[in-house]
Amino acid sequence: AILLPETEYAKGNEAALRIIHAVREQLFCAGEAKIPLTISVGVAQVADLNGPEELVARADEALYAAKSAGRDRGYYFDGQRILSILLETSDKVEPVREFDEVCADLRTRLMDATH
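Using full-length UniProt numbering, the first residue of the sequence shown is number 1, and each one after it goes up by one.
Treat the hints loosely; a few may be bogus.
[What the hints assert, rightly or not] Derived Cβ-Cβ restraints for the label pairs, each shown as a range: (1) Asp78 <-> Thr114: 30 to 38 Å; (2) Ser84 <-> Val46: 17 to 25 Å; (3) Pro5 <-> Ala33: 18 to 26 Å; (4) Ala113 <-> Glu53: 16 to 24 Å; (5) Val56 <-> Ser84: 17 to 25 Å; (6) Ala33 <-> Ala69: 37 to 45 Å.
Because the hints were derived from the structure by calculation, they are not lab data. All figures in this text were calculated on a predicted structure; none of them were measured in a lab. Just so it is clear, CB atoms sit at the ideal spot from N, CA and C, and this is done for glycine as well.
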């Protein structure tokens, strides 16, 4: 959890985007394979809620909405509903495709090694 005191939604969402982009720029190295990392983020604001338990519950709801929509996304609870934090998608399509190809290759190698 990251707490941003006295922060409006727009600034909270900007912070979430910066985190998403920073994680996206990292690579996990597995042997010669370089696998891009992604993160799903949920954002909620205290001003609209009745205490820390509800804050965590709403942030969790936003996080699970992001996860169920796919990888590398952010969602926020605006006090009434859960909305997507818009991301630029053109630069993430190819790394995700590469990640899927690497995973498929690793699965194939694992299956070959165990049979």
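Verification of the hints:
| no. | hint | in the structure |
| --- | --- | --- |
| 1 | Asp78 <-> Thr114: 30 to 38 Å | violated, 48 Å |
| 2 | Ser84 <-> Val46: 17 to 25 Å | holds, 21 Å |
| 3 | Pro5 <-> Ala33: 18 to 26 Å | violated, 41 Å |
| 4 | Ala113 <-> Glu53: 16 to 24 Å | violated, 47 Å |
| 5 | Val56 <-> Ser84: 17 to 25 Å | holds, 20 Å |
| 6 | Ala33 <-> Ala69: 37 to 45 Å | violated, 26 Å |
In the structure shown, a violation is registered for the earlier hints numbered 1, 3, 4 and 6, in ascending order.
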